[in-house]
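Number of protein chains: 2
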Amino acid sequence: MRYLYHLPLSPFSRKVRLVLSEKRLPYEPRLEKVWDRRPEYLDMNPAGTVPTLLEDNGLVIPDSNVICEYLEEAYPDTVLMGRTLAERVEVRRLCAWFDGKFAQEVTRNLLGEKFMKRLSGRGEPDAYAIRNGYTALRHHLQYIGWLAETRKWLAGANISLADFAAAGHLSALDFASDVDWTISPAVKDWYARMKSRPSFRGILSDRVPGVTPPAHYADLDF
Amino acid sequence: MRYLYHLPLSPFSRKVRLVLSEKRLPYEPRLEKVWDRRPEYLDMNPAGTVPTLLEDNGLVIPDSNVICEYLEEAYPDTVLMGRTLAERVEVRRLCAWFDGKFAQEVTRNLLGEKFMKRLSGRGEPDAYAIRNGYTALRHHLQYIGWLAETRKWLAGANISLADFAAAGHLSALDFASDVDWTISPAVKDWYARMKSRPSFRGILSDRVPGVTPPAHYADLDF
Ligand SMILES: N[C@@H](CCC(=O)N[C@@H](CS)C(=O)NCC(=O)O)C(=O)O
Ligand SMILES: N[C@@H](CCC(=O)N[C@@H](CS)C(=O)NCC(=O)O)C(=O)O
Numbered sequence: 003m004r005y006l007y008h009l010p011l012s013p014f015s016r017k018v019r020l021v022l023s024e025k026r027l028p029y030e031p032r033l034e035k036v037w038d039r040r041p042e043y044l045d046m047n048p049a050g051t052v053p054t055l056l057e058d059n060g061l062v063i064p065d066s067n068v069i070c071e072y073l074e075e076a077y078p079d080t081v082l083m084g085r086t087l088a089e090r091v092e093v094r095r096l097c098a099w100f101d102g103k104f105a106q107e108v109t110r111n112l113l114g115e116k117f118m119k120r121l122s123g124r125g126e127p128d129a130y131a132i133r134n135g136y137t138a139l140r141h142h143l144q145y146i147g148w149l150a151e152t153r154k155w156l157a158g159a160n161i162s163l164a165d166f167a168a169a170g171h172l173s174a175l176d177f178a179s180d181v182d183w184t185i186s187p188a189v190k191d192w193y194a195r196m197k198s199r200p201s202f203r204g205i206l207s208d209r210v211p212g213v214t215p216p217a218h219y220a221d222l223d224f
Numbered sequence: 003m004r005y006l007y008h009l010p011l012s013p014f015s016r017k018v019r020l021v022l023s024e025k026r027l028p029y030e031p032r033l034e035k036v037w038d039r040r041p042e043y044l045d046m047n048p049a050g051t052v053p054t055l056l057e058d059n060g061l062v063i064p065d066s067n068v069i070c071e072y073l074e075e076a077y078p079d080t081v082l083m084g085r086t087l088a089e090r091v092e093v094r095r096l097c098a099w100f101d102g103k104f105a106q107e108v109t110r111n112l113l114g115e116k117f118m119k120r121l122s123g124r125g126e127p128d129a130y131a132i133r134n135g136y137t138a139l140r141h142h143l144q145y146i147g148w149l150a151e152t153r154k155w156l157a158g159a160n161i162s163l164a165d166f167a168a169a170g171h172l173s174a175l176d177f178a179s180d181v182d183w184t185i186s187p188a189v190k191d192w193y194a195r196m197k198s199r200p201s202f203r204g205i206l207s208d209r210v211p212g213v214t215p216p217a218h219y220a221d222l223d224f
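Residue numbers (the numbering used here), protein chains in the order written: chain A, 3 to 224; chain B, 3 to 224.
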């Protein structure tokens with residue numbers, strides 16, 4: 003069996019869950035409370051982060067980017083990273099953008115401050131960071147809106163890992179009621195298309211103790 | 003002509019310079035003072051970071067990880083990312099480790115505080131961050147030492163992008179006199195092997211206004 007060590011609110015884990023489903027690769031999710039720093043988990047992934055994929059042949063693959071590159075090479079039937087060199091550059095550029103810049107400026111300041119900090123015993127939420135997170139999210143929604151207005155999918159004509167990277171972050175933020183979908187109709191339309199994909203079902207039925215998602219979270223016509 | 007927009011002390015730029023040289027791809031370096039936020043540069047790389055590669059066919063490739071994946075696909079004669087799926091996972095895992103965890107815990111706290119912060123007008127160096135950086139560097143040198151003791155190169159039997167990612171960070175830190183090479187003889191031996199490669203020559207002859215590297219910086223028998 004293939005196992006995915008993950009946390010439901012982790013955008014990086016969500017991206018991998020979406021990709022596994024898009025590629026029709028069955029797996030069993032395993033909740034990994036990273037703040038416990040389990041020695042057996044640190045043996046698999048010394049960075050101590052989720053996700054980590056354990057393949058049925060025993061291969062251990064830590065880090066969502068490493069997992070997605072691996073899945074694209076090992077299971078190339080469903081192409082998610084583009085076909086030409088130029089397409090692949092644009093897909094990877096946007097993945098680096100969402101998992102780098104967006105994650106630092108938005109996700110860490112919102113989900114990081116509101117949930118991860120307390121769970122991992124690193125103190126109380128910082129109101130200043132949270133305010134910065136909301137400001138950055140507005141700018142990022144505008145940038146995603148520009149992409150969604152000028153292209154069919156975020157990286158171009160085909161759905162790609164860039165869409166799943168963005169959806170990983172936005173769906174986790176939406177679970178925490180942090181996304182104002184009125185800012186960009188183009189983003190809302192793109193996200194409605196993402197939500198209606200079969201691969202999204204698992205994400206939409208997530209439950210997290212102590213966090214109630216907004217009513218529209220799992221609504222396909224939100 | 004191929005152009006690389008870079009900064010001499012940027013570990014991410016150094017990694018790409020090493021890879022371009024290992025693959026014998028000629029290029030012209032262009033100094034990009036990222037803190038100026040030149041509009042023409044932001045058009046090429048909206049993240050505003052170095053490096054960015056401009057290929058002779060006009061393709062623009064931002065982000066060191068995206069550049070290295072691209073170069074491996076476009077110029078596969080010199081293999082730097084492993085051949086089997088398992089090798090490629092280990093190379094990419096270590097690249098994510100150095101450019102993610104090491105960069106956050108060490109490079110940002112040392113080079114970031116001492117140079118980038120002032121250059122980009124984000125205030126004065128924070129002594130607490132710098133102390134954390136040195137502590138983290140000691141732990142990281144032990145981890146790299148363990149890799150170097152148990153493997154020929156950091157990711158296994160062959161030299162790979164993992165070695166160039168690590169060397170990008172360590173050479174930039176060494177330029178700023180931040181590395182205590184006595185901590186791990188295995189790391190020192192590995193780094194001496196890296197330094198003696200022809201691809202390292204450009205790195206060793208770097209000059210940065212206002213920073214004098216230690217005498218051993220360019221010394222192959224340091
Ligand atoms: N580069 C990693 C980042 C993963 C990451 O930061 N995961 C967070 C949860 S969203 C985590 O595990 N944090 C725990 C920690 O940093 O200790 C990836 O892409 O998988
Ligand atoms: N993920 C990027 C990171 C590059 C990066 O952070 N570069 C630094 C210099 S070492 C930079 O340009 N910083 C300017 C800024 O963040 O504004 C890559 O791998 O290229």
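In case anyone wonders, no lab produced these hints; they're calculated from the structure. Hints should not be assumed to be uniformly reliable.
Identical copies carry no separate label here, and so any pair may be met within one copy or between two of them.
[What the hints assert, rightly or not] Below, simulated BS3-like cross-link-like pairs (lysine-lysine); rule was C-alpha separation at most 27 Å, straight line:
1. Lys154 x Lys119
2. Lys119 x Lys35
3. Lys119 x Lys103
4. Lys116 x Lys103
Where does the structure disagree with the numbered hints, that is, which hint numbers, in rising order? Number 1 - this is the single hint that the structure violates.
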